[in-house]
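Chain residues, written in single-letter form:
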Amino acid sequence: MAFKPYDTSKRKPQLVSLIDMAFLLLLFFLVTSLVAQLTQQEQKLSIPTPENKPGRAQILIQFLSENEFLYIDQTTNSIVQEVNDQFGFESPGKQRRRIVERMLAEKKYDKVEVNKKLKDLKKFATDHPDQQYFILIRCPKEIYYYHVLQLVQSISGLPNVNYGCVGGTVADIRNATDISLRTEIDNHGKKRENLVILFPK
Amino acid sequence: MTHSEKKTFSRNIKLTIYGILTVLVAGLFVVSYLFLTRFSGLEEEDIHIPPFTKIDTLKIPPRPGIQGVVISGPVITDLIFDINLKAADIQPLDWNKLVSIDRTAEVTVRARVAADGRLIIKRDQGDILDRGHPDAGREIEKSLSSWVYFPYKEGLILFYFNVPSKGTKKVIIDATKLKRNKKVPEKKEVLNGLLHYIRGLDQSEIGYSSVTFE
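Protein chains in written order, with the numbering used here: chain E, 26 to 226; chain R, 212 to 425.
Calculated from the structure, these hints are not laboratory results. Every value quoted in this text rests on a predicted model; they were computed, and no experiment measured them. A hint or two may mislead.
[Claimed, not checked] In silico lysine-lysine, DSS-like type, Cα no more than 30 Å apart, as pairs:
#, chain 1, residue 1, chain 2, residue 2
1, R, 398, E, 132
2, E, 132, E, 142
3, E, 216, R, 398
4, E, 215, R, 399
5, E, 216, R, 394
6, E, 37, R, 217
7, E, 216, R, 399
8, R, 399, E, 132
9, R, 394, E, 119
10, R, 398, E, 78
11, E, 215, R, 297
12, E, 216, R, 393
13, E, 37, R, 218
14, R, 218, E, 133
15, E, 215, R, 394
16, R, 217, E, 29
17, E, 37, R, 225
18, E, 215, R, 217
19, R, 388, E, 216
20, R, 297, E, 216
21, R, 390, E, 29
22, E, 216, E, 147
23, R, 308, E, 216
24, R, 399, E, 78
25, E, 119, R, 225
Start from the sequences and build out the full structure, keeping to the hints where you can.
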């Protein structure tokens with residue numbers, strides 16, 4: 026059987042496949058760049074889930090109402106210390122009640138004041154990137170989560186300032202089973218006097 | 212056009228087409244790079260993330276607890292009980308002078324650190340044992356009486372000065388009888404620092420152990 030000789034002069038590049046490949050490449054780059062962008066955004070997104078044990082924080086912000094907050098940080102230690110020193114003879118329950126009353130009298134702030142405090146904290150955290158902050162926000166279910174998000178918005182954006190949100194009322198602090206100062210060693214080996222608040226189960 | 216010319220022409224056309232396509236594909240890469248940098252708004256260093264650093268950046272955020280909260284308090288700094296060199300009128304004990312006064316002196320001093328940190332020596336109550344070496348005893352008493360410690364500890368402190376000593380320590384300080392000052396908060400640890408202000412004597416010649424006062 027005679028075969029037709031292969032005519033190389035009639036050979037043409039497969040343009041359809043090449044264009045197909047070119048568009049596939051374009052599509053690939055479009056998708057991957059979008060995914061890369063999303064990954065970057067996801068990395069910045071911090072949604073820590075609560076765990077069923079006492080957590081650790083540098084600041085506790087307890088919603089009292091939409092515009093009132095209990096802002097507890099390390100400066101609250103002095104209240105606990107003073108109550109312990111002055112009323113050490115009283116029962117632990119009575120001392121706890123005194124501590125909470127003083128906290129509510131001295132550490133209650135409105136939205137503007139809290140935002141100012143958080144702004145100052147952010148400034149400090151920016152200047153001291155080695156310092157790590159975790160802010161625990163407790164919000165009763167009666168208050169719309171929108172208010173929590175507003176607060177979160179003023180905290181977020183810094184790599185060394187993290188936050189966590191849990192549900193809870195000031196009644197948990199009022200009825201706490203323990204409000205005391207405890208000397209502990211932190212991750213850097215430094216001795217710290219931490220404030221422990223254990224909520225009722 | 213001859214057959215060979217036709218062949219060459221056709222080869223050139225093919226080469227041109229392949230060349231254009233190559234440029235097009237290369238252009239696509241450039242466009243994709245531009246897309247990554249300009250259009251997607253990523254920083255230069257965010258585009259090429261090495262896999263090992265990617266793991267590092269994906270830190271697990273701290274989790275809030277629901278049973279309670281431990282709020283980090285201020286760092287507790289340990290207190291160092293030592294000589295307050297900035298105190299007014301504090302005088303060092305000049306070892307060379309002591310040697311020149313009495314090179315065989317052997318003196319034991321029982322002193323009391325007061326609550327405010329001052330060192331109190333009462334010769335009339337027998338706080339200085341300097342039998343045979345009164346001049347050296349007075350020189351030591353003069354200096355030691357001016358010493359002031361930071362007020363973190365109080366109680367008895369004993370000093371043993373052995374000027375001719377060779378091989379053993381020339382000065383031994385017994386701080387074991389000191390107790391914490393009651394005003395110091397319990398959570399703060401009080402550590403011993405520099406308990407003397409002696410000049411002209413190597414630190415290795417000064418020891419810290421018990422001293423017998425008799």
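Now for the hints, and whether the structure bears them out:
no.	hint	verdict
1	R:398 - E:132	holds (25 Å)
2	E:132 - E:142	holds (12 Å)
3	E:216 - R:398	holds (10 Å)
4	E:215 - R:399	holds (13 Å)
5	E:216 - R:394	holds (20 Å)
6	E:37 - R:217	holds (15 Å)
7	E:216 - R:399	holds (10 Å)
8	R:399 - E:132	holds (26 Å)
9	R:394 - E:119	holds (26 Å)
10	R:398 - E:78	holds (26 Å)
11	E:215 - R:297	holds (28 Å)
12	E:216 - R:393	holds (21 Å)
13	E:37 - R:218	holds (13 Å)
14	R:218 - E:133	violated (91 Å)
15	E:215 - R:394	holds (23 Å)
16	R:217 - E:29	holds (21 Å)
17	E:37 - R:225	holds (7 Å)
18	E:215 - R:217	violated (86 Å)
19	R:388 - E:216	holds (27 Å)
20	R:297 - E:216	holds (28 Å)
21	R:390 - E:29	violated (113 Å)
22	E:216 - E:147	holds (25 Å)
23	R:308 - E:216	violated (44 Å)
24	R:399 - E:78	holds (29 Å)
25	E:119 - R:225	violated (95 Å)
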